[in-house]
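Visitor: Assemble the whole structure, with the sequences as input and the hints as a guide.
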Amino acid sequence: GENVEQHPSTLSVQEGDSAVIKCTYSDSASNYFPWYKQELGKRPQLIIDIRSNVGEKKDQRIAVTLNKTAKHFSLHITETQPEDSAVYFCAGTDSWGKLQFGAGTQVVVTP
Amino acid sequence: DTAVSQTPKYLVTQMGNDKSIKCEQNLGHDTMYWYKQDSKKFLKIMFSYNNKELIINETVPNRFSPKSPDKAHLNLHINSLELGDSAVYFCASSQDRAGFGYTFGSGTRLTVV
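Protein chains in written order, with this note's numbering: chain A, 1 to 111; chain B, 1 to 113.
Calculated from the structure, these hints are not laboratory results. Values in this document were obtained by computation on a predicted structure and should not be read as measured data. Think of the CB as a built atom: it goes at the ideal place given N, C-alpha and C, for glycine as much as any other residue. Do not rely on the hints blindly, as some may be mistaken.
[As the list claims (entries may be wrong)] With a straight-line Cα cutoff of 20 Å, these simulated EDC-like cross-link-like pairs (lysine to aspartate or glutamate) come out:
(1) K44/B - D94/A
(2) K44/B - E2/A
(3) K71/B - D38/B
(4) K42/A - D38/B
(5) K42/A - E58/B
(6) K44/B - E39/A
(7) K22/A - E56/A
(8) K41/B - E56/A
(9) K41/B - E39/A
[Said to hold, decoys possible] Beta-carbon label-pair distances, calculated as ranges:
(10) G101/B - N67/A: 41 to 49 Å
(11) A98/B - Q45/A: 16 to 24 Å
(12) N57/B - E83/A: 24 to 32 Å
(13) S28/A - V113/B: 39 to 47 Å
(14) L40/A - R63/B: 26 to 34 Å
(15) K67/B - S52/A: 16 to 24 Å
(16) S9/A - T13/B: 43 to 51 Å
[Claimed, not checked] Sample of chain A residues lacking proximity to chain B, with all beta carbon distances greater than 12 Å (derived):
(17) Q14
(18) S30
(19) R43
(20) L46
(21) K58
(22) K68
(23) E83
(24) L99
(25) Q100
(26) Q106
Guide: Here you go:
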């Protein structure tokens with residue numbers, strides 16, 4: 001089965017700096033890699049996703065890169081703002097739709 | 001309109017009781033899931049149904065029983081509640097069993113006292 005590891009567990013950045021979260025996965029059959037943002041007391045919400053036939057995807061200040069050979073993918077947030085503070089989860093799903101989450105990264109953006 | 005709705009939002013109950021959580025999605029998705037999020041924020045899949053058929057059943061005590069009357073609904077019934085069942089339970093749905101378009105419900109915070 002899929003095993004997704006996520007680092008770091010906490011990340012503190014100054015407002016305006018960049019934040020990078022890295023994940024690795026074990027199942028070479030994994031083909032879909034979403035990222036979720038969970039604010040305190042709220043549901044996880046999809047912020048960006050990438051499929052295995054794409055190496056990079058960008059949406060405004062957020063970008064995700066995927067290296068299939070190395071089985072790792074990363075989330076990049078540029079020009080961080082206080083509202084980016086949340087827990088971020090990476091995930092990988094296999095062909096059965098089983099979405100395995102990383103353990104989460106608590107991002108704190110300090111003004 | 002809420003895409004994936006769960007009820008109740010909060011549930012406080014005593015040990016040994018039986019309780020149910022309901023979930024409905026209006027996205028037309030084929031697949032629905034139950035996740036458990038513990039106090040350390042780890043999200044763990046419990047069950048998945050595709051068109052009312054159980055396709056994922058993780059190692060979960062058999063006190064937990066999902067029921068899917070139709071593809072828009074997936075309910076979770078828990079018997080003989082224990083303290084360790086306290087967590088936030090999230091329902092989710094996706095377009096198909098490949099997992100695209102995962103959308104989570106707002107969660108049910110279960111507290112067993």
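Visitor: With reference to the structure, classify each hint as holding or not holding.
Guide: For each hint, the structure was consulted:
Taking the CA atoms of K44/B and D94/A, the gap is near 15 Å; set against the 20 Å cutoff, the hint holds. Restraint check for K44/B and E2/A: the C-alpha separation of about 12 Å stays at or below 20 Å, so the hint holds. About 27 Å separates the Cα atoms of K71/B and D38/B, which puts this hinted pair outside 20 Å; it is violated. A distance of roughly 14 Å separates the Cα atoms of K42/A and D38/B; the hinted pair therefore holds under the 20 Å criterion.
With a C-alpha separation of about 24 Å, the suggested pair K42/A and E58/B falls outside the 20 Å cut-off, and the hint is violated. Proposed proximity of K44/B and E39/A is supported: the alpha carbons are some 18 Å apart, at most 20 Å. Distance check on the hinted pair: K22/A and E56/A sit about 14 Å apart at the alpha-carbon level, within 20 Å; holds. With a C-alpha separation of about 28 Å, the suggested pair K41/B and E56/A falls outside the 20 Å cut-off, and the hint is violated.
Distance hint between K41/B and E39/A is fulfilled; the C-alpha atoms sit about 11 Å from each other, no more than 20 Å. Separation of G101/B from N67/A is about 24 Å and departs from the stated range, judged on CB atoms against 41 to 49 Å. The beta-carbon spacing between A98/B and Q45/A, approximately 20 Å, falls within the hinted interval of 16 to 24 Å. Distance hint check: the CB atoms of N57/B and E83/A are about 38 Å apart, inconsistent with the given range 24 to 32 Å.
Between S28/A and V113/B the CB atoms are about 45 Å apart, so this pair conforms to the stated range of 39 to 47 Å. The hinted range of 26 to 34 Å is satisfied by L40/A and R63/B, whose Cβ atoms lie roughly 29 Å apart. Against the hinted window of 16 to 24 Å, the Cβ-Cβ separation of K67/B and S52/A comes to about 34 Å, which falls outside the hint. A hinted range of 43 to 51 Å is violated for the C-beta pair S9/A and T13/B, which are about 32 Å apart.
With a minimum CB-CB distance of about 24 Å to chain B, Q14/A clears the 12 Å threshold, and the non-interface call stands. Distance check for S30/A against chain B: the nearest CB is about 10 Å away, which does not clear 12 Å, and the non-interface claim fails. Some Cβ of chain B comes within 12 Å of the Cβ of R43/A; the nearest lies about 4 Å off, and the non-interface call is violated. The beta carbon of L46/A is not kept farther than 12 Å from every beta carbon of chain B, the shortest such distance being approximately 6 Å.
Interface exclusion of K58/A from chain B stands, the closest Cβ pair being 19 Å apart, more than 12 Å. Consistency note on K68/A: stated as away from chain B, and its beta-carbon is indeed over 12 Å from all of that chain's, at 17 Å minimum. Even its closest Cβ contact with chain B, about 19 Å, leaves E83/A beyond 12 Å, as expected for a residue assigned away from the interface. The non-interface label for L99/A is inconsistent with chain B: the shortest C-beta to C-beta separation is roughly 5 Å, within 12 Å.
With a closest Cβ-Cβ approach of about 7 Å to chain B, Q100/A is found to fall inside the 12 Å limit, against its non-interface label. Annotated as non-interface, Q106/A brings its C-beta within 12 Å of a C-beta of chain B; the closest such distance is 8 Å.
The earlier numbered hints that this structure contradicts are 3, 5, 8, 10, 12, 15, 16, 18, 19, 20, 24, 25 and 26.
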